[in-house]
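Novice: First to last, the sequence lines map onto chains A and B.
Numbering of the first sequence is given in UniProt numbering, commencing with residue 1 and proceeding in unit increments.
Numbering of the second sequence is given in UniProt numbering, commencing with residue 1 and proceeding in unit increments.
Treat the hints with care, since some could be wrong.
Computed, partial: chain A to chain B, Cβ under 7 Å [claimed, not checked]:
(1) A23
(2) S27
(3) T44
(4) T86
(5) N211
Sample of chain B residues with no beta-carbon within 12 Å of chain A, all distances over it, derived [claimed, not checked]:
(6) M1
(7) T2
(8) L5
(9) A13
(10) E23
(11) T47
(12) V48
(13) E52
(14) D54
To be clear, the hints were calculated from the coordinates, so they are not data collected in a lab.
Think of the CB as a built atom: it goes at the ideal place given N, C-alpha and C, for glycine as much as any other residue.
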Amino acid sequence: MQESATKAFYGFEPKSRLFLGTAQYPSPAILADAVRASGVEVVTVSLRREAGEGGAGEAFWSLVKHLGVRVLPNTAGCHGVKEAVTTAQMAREVFGTNWIKLEVIGEDDTLQPDVVGLIEAARLLSADGFEVFPYTTEDIVVGGRLLDAGCEVLMPWGAPIGSGRGLNNPYGLRTMRQHFPDIPLVVDAGIGLPSHAAHAMELGYDGILLNTAVAKAGDPALMAKAFAAAIEAGRQAYEAQPIEARDMAAPSTPVMGKAFLS
Amino acid sequence: MTLLLNGEPREVAAETLAQVLDELGYAGRVVATAVNGDFVPARKRETVRLTEGDRIEVVAPMQGG
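So here's chain A without its partners, still in its complex pose (with noise of 0.2 Å):
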């Protein structure tokens, strides 16, 4: 049988299983109809260097107040784990939450965890009282460090940032799964359509994070809505526990009373 119950992230259980990236999107406005559209309850959002006068970011942050979400915020960008940790910390403080996307990244052409460095920075965080959401890779050895570290939910990617690929490794994160029964996984960067987030929550993932495939997309509302649907759909399949595949036919129909005409 398998485990139908929702997992909840850090006590918070969401109807939603979507978790939207905030950036890319033509406009403010596109951005509140895919988070509407989709009926997400979490978005991700950053820090950026201010400038003195006429900063964007008050604006940025009262539209995402107006919009009830909670939100999760990153570290994008961050290569080493003092930065990554320095950059957690002045997220606290502004966002005002001790929920945290940790990214620290080992490689810029694939923007590939620096799984190293994250293991430590989630260990210093989780002890500052943080609720670290790592961005991480399908090793499950390295997802049961991160689990000693203290994260209680772990985060890794279909395929490279950016790259809309969708699953990279199928057969990896199938076996993340069956190796964390009971850890809250969510399928974090690279999903490019609703087929691929589908898929992931038909192997049991408990949550899909994107960004660039809804806000890039030519009308990213009702591409949010396709994702919310598909998510779903994927969901209830995995809760409906699938056939196994096999490499012959079976027929369907029940050959037994067929008229003998031949």
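With the hints as your guide, set chain B onto chain A.
Specialist: Same frame as chain A, now just chain B:
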């Protein structure tokens, strides 16, 4: 003294981080700060005294994935 604020050299008369933020137009704004790579909470800005060449980072909310 000259400070590096968000990577740019800035000449300031102020001595504490709180005063520098006021002087450079950040008063009352939603920002977080770090000095020489270390986070400085808002409540400590008045007690942090700056010296020539200090690196100040001032960040604010922004779109992210």
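Novice: Taking the hints in turn, state whether each one holds.
Specialist: Hint by hint, here is what the structure shows:
| no. | hint | in the structure |
| --- | --- | --- |
| 1 | A23 | holds (4 Å) |
| 2 | S27 | violated (11 Å) |
| 3 | T44 | holds (5 Å) |
| 4 | T86 | holds (5 Å) |
| 5 | N211 | holds (3 Å) |
| 6 | M1 | holds (17 Å) |
| 7 | T2 | holds (16 Å) |
| 8 | L5 | violated (8 Å) |
| 9 | A13 | holds (15 Å) |
| 10 | E23 | violated (9 Å) |
| 11 | T47 | holds (16 Å) |
| 12 | V48 | holds (14 Å) |
| 13 | E52 | holds (20 Å) |
| 14 | D54 | holds (15 Å) |
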